[in-house]
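Student: Chains as they are written, first to last, in our numbering: chain A, 627 to 1289; chain B, 10 to 229.
None of these hints come from the bench; they were simulated from the model.
Among the hints, a few may not be true.
Calculated pairs, DMTMM-like style, for lysine to aspartate or glutamate (alpha carbon to alpha carbon, straight line, at most 20 Å) [what the hints assert, rightly or not]:
(1) B/Lys70 / A/Asp1289
(2) A/Lys1101 / A/Glu1254
(3) A/Lys688 / B/Asp152
(4) B/Lys70 / A/Glu1254
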Amino acid sequence: MRLLTRLASCCLAVLALPALAQTAQPVCETSASNVPLERHVRQVYLDMLGRPPTIAEYRFYKAKGAILPEDLQSLMEKEEFYGRLRTYHRALLRSNISNSIFVNGDMRLGDVPVGFRPLGIRGNPSTTLRGQNGAGCDAFIMQDDCNATRQDPHLEPATKRCRDSYNVPLPVSVDYSPDQYRCEPFTGLADCSAAIGQTDAAGRVMPEKHLLFCDMRRVGAALQPHYCLPNSGAPQTAGLTSEVMDVDNRYVVAFTNPAPVNGQLTRLNRCTLDLNLSGGIRGRYAVPQGCVQREGVVMTATPYWDVTTQGQVPMCAIEAQTRETNPWTMESCTTGRFTGDRSCGCGVKSNRCESGNTTLHNARITAFNDEPVMIADSVVRRDEDYFNILTTRRSFVNGTLSQMYRQNQSPQTWLVTPPTERDAIPDVPLNDVNTWAEYTRDMNASGVLTTPSWLYRFPTQRSRVNQFYDAFLCKHFSPEAGAIAPSPEDSCNRENNLAKRCGCSYCHATVEPMGAHWGRFGERNAQYLNPETFPRLDARCRDCALSGDTTCNNECGNYVMQAFDGDGANSLGLLRTYLYRTPEEEPNIVGGPRLMVQRFMQTGELEKCAVRNIWNHLLGRSMSSQEESLYLTQLAQGFANDGHNLKALMQRIVATDSYRRID
Amino acid sequence: MKTTTSTLVLFAAVFALVSCSSKTVEKPAMEGTLETVDMGHHPPTVKLADPEQNQGHIGRKPRRISVAQLRESILTTTGRQWSQINALAATLGQADYALTVSESTEVNLVFAKFLEDGAREVCLATASADLNKPAPDRVLFPDVTITNRDFTMMSDDAIKANLSYLAIRFWGQAFSDAERDSWAGTFKTVAARAKTINRPEQAWGAMCIAFMTDPRFATY
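Extracted from the complex, chain A is given alone in its bound form (with noise of 0.2 Å):
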C-alpha cells in the first residue's frame, strides 16, 4: 500500500509537473529551470526581445510550464528580436561616425536674412572670394543688372563689368576690411559727398582728400557713410601712417608704412570693384588687402536639399556656377579647391555643397551608421551563414545614401566612393529617410568591413585591424607581459618598419600585413583606391618625389613621396600600402578584407570569438578558462554544424543549465 501510494504521488508529479514547477521539487521533476518560471520567462525574453513579457505572456508560459525550444524559435522571429540584435551589432561595430567626419561649415549654403536673401556660403572660403571671412555677397545687387545699383559711386566705374569674358562674376560692390581698417559711420547723413568736412562717430573729421575712403556700407538694409582709416591700434596695421596722393594730387589712395617691422604691412591701396590676379594668372583671382568685394545675386535651380521649393532660389553668384573647371587655367572644380576658386560654384544643383542647417549631414551620419546593422540584420534574418556579414556584397540603401550616392552630392565633406555604378544604386527619393532598398555592391566589397561607417570610425588600417581582432576574433593587441621597452639610445629604435623595430614588433608584425587588407581603402576616409585609377606605381608619383616635389600638385597623397630609409627609397611613387611589404603579403592589398576573412574561417576562430560574444552578451558575464575549456569548442563545433546560423548558437546558450542559473 505505501508503494501505490509512493508511486500514484510520483505520477501525479510527473503529470502535474507545469502547475508544480516552481513549488514542488519532487525527485524525479523533469524541469530545467533553476530559477523560478516567470523569472526564467523575463530573462528571456529581456535577453532576446530587449522587453520583459506582458502579463498575457507570463500567463501563457505559466499555463505551458516552460519555454521550449519552438517558444525560443518563436520569439526569434519577432521583429523585437531582430531589433535587440541590431543593438548588438552595432555596439560590436561600434558604428558611429559622428565624430569622425570632418565638417567645419566652409560648404554649406546659408541664408543671408536681408535683401533678396541669397543662399551663399560664409565661413572660411570668404576670404579668399570675397577678403574677409564670414563675408557674403551683396544681397541687395543682382549680378547680371550690376549697374542697376551704385553702392559706392566714388569707388567705381561708371559702367561696371558683371561678368568678365568667361561668364565668371565679378564684384558688384566694395567695403573696407574691418580687419585692417578702422571705419566709424557718419550720422544723419546720405552719402560720402555729403561727409567732406563732417566729424564721425569717433570724433575724426574726413577730409576731402580721403573721399576714397569714405564707404557707403550697409547697416541694416540702409546705406550709411563710413570713414575708414587704417587702424593703427592693430599691430599689423599700425606704421600706416604715410599718405600717398593720387596723380592730381587731390586724394589719397595708399597709405603706406615708412618703416614697417616684422609683420607689418607696408602699404594698403585704397578699394575698387578691380580684383588681382594671384601670380599674375588669368583666371586666379584674389581680393585686394584691405577690400571686401563682393559679387550679386542670381536665380538658380534649387539646391538638391530642398524638396520642398518649386523653381529657383535666389543665390550668391559665385556659388550658384556649376562648372566643372577653371575656364581660364581649367583647374578642376570637382576637388575641395572649388571653395577658393571664384570660378566654380556648388555645382549642379549645388551638389558640392551642403544645407545650411545640420539636419541633413545628421540624416547622413544616421544612415551610415545604420548600413553596416542593416546588413548584419539581413544575414540573421534569413538565416544565412553569420560570417556572412563580413564578406557579403549585399547593402542597402535609405534615400539619403541613395542620393547621395547616385548625385554625388557634397562630395568634399564625404570622401567616400559609390559602392558601385551609380545608376545601379536603387532610387530612394531623398526624403524617405525609412525605406532601405537592397543593391549588391562592387567586387571589393566585404560585408560590414567595408562600409563608409567601419572605414571612417576605424580610420586608419591599423585601427581597422585591431577592431577587426577585437570584435571579430576576441583577441587584443597589447604588449608581452613584463616587456620593457627598448632603451632610446637603442640603434633598433631606428627601424622605421614598425612590423620589424624592437618593441613594437610584438604587435605590428601582425598588425602591419593585416593592415594591408585595407590596403585599397583610404585612411580617414572611405574612398576605394581603384587600381585603374591608384596603379600600384605611379610613374608621375615617383617622378615628383624624385624632383623633390613630395606633393605633386596635392594628386599623389596615397603614394610614398618621402624616402627614409633604403625600403622607403625603392617605394617612391609606390602606392602607400606597399611600403614595406613583403611578395608573400602583397596579395592581402589584391584580395582585401574577403580574403582575410576566409583565411580566419579556416582556423576556426572566428566561430570561438562569435560563440563567445554571444555568450557574454547572454550571461553578462565573459567565459571563464575552465568554461573555455568546457563549452567552447562543443558550441562552436554545433555553430559550424548549424552553418553558422546565430539563432541555432542563442538557443544552444539559452539551453544552457548556465543560462537558466543566476548566481
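Using the hints, position chain B against chain A.
Tutor: Same frame as chain A, now just chain B:
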C-alpha cells in the same frame, strides 16, 4: 486488458522512480564539475563548471537592465513612456559608440535617482488614467473593484492578490507570503493617506513607484 494496462502504468512509474532516484547519487563525469539537471524537453548540452574555480559564478551574472531594456520595460509594465528617458539616456549609461563604446549597466545612485523620477511620472499618470478605465483595461489594478475611489475599502485578500499580480508584472517574480504581507501593510497606509488628501491615484500609484524602484525591476 485492463489489468495489463494498469501493470504497464505501474511498471513505467516504478521505472521513472528508480531512474529519478538514481540520478541523485550519480557521480560527476569529470573532476571539478557539477552534474547538470536533466533538461527533459531538450538535451543537456554541457556540464556545469566548478563554482570554486569560477569565483562562485557558473550561471548568468545578475545585471542591471540596459537603457533600451529600461525603455521597453517601462512601456510594457505601465503602458506609457517616461518622457525624459531619451534625454537622460547617456546619463543612465547608454553608449553612443563614438565617445562611449560600451553600455554602462552599473547600478549607482544616479541611475536610481533618475529612475525614481521616471517612476513618479509614469506611475502617477498610469494610476490616474486607471481610475477612469473599466477594470479589464486597467494596468495597475485590473481586478480590483473600486468603491467611490476609496481603496481603503479593499479586503486583505484583494490587496494581496493585486500585489501578487504587480510583482509578476513588474519583476517576473512571485512574493513570499511574509513579503507580501509587509507590502500589503504598506499599501493600507498609503491608501489611507491617499484618501485623506483626496488623491486616490496615489494609492496604487505609490505602490507602482515602489515596484519600479525596487532592484528587482531594474535587474534580471
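Student: All hints, please: hold or fail.
Tutor: Status of each hint after checking the structure:
1. The hinted pair formed by B/Lys70 and A/Asp1289 meets the criterion: a straight-line CA distance of about 6 Å does not exceed 20 Å.
2. Between the alpha carbons of A/Lys1101 and A/Glu1254 the distance comes to roughly 15 Å, so the proposed pair stays at or under 20 Å and holds.
3. With a C-alpha separation of about 19 Å, the suggested pairing of A/Lys688 with B/Asp152 holds against the 20 Å cut-off.
4. As the CA atoms of B/Lys70 and A/Glu1254 are separated by approximately 16 Å, the hinted pair is consistent with the 20 Å bound.
In the structure shown, no violation is registered for any of the earlier numbered hints.
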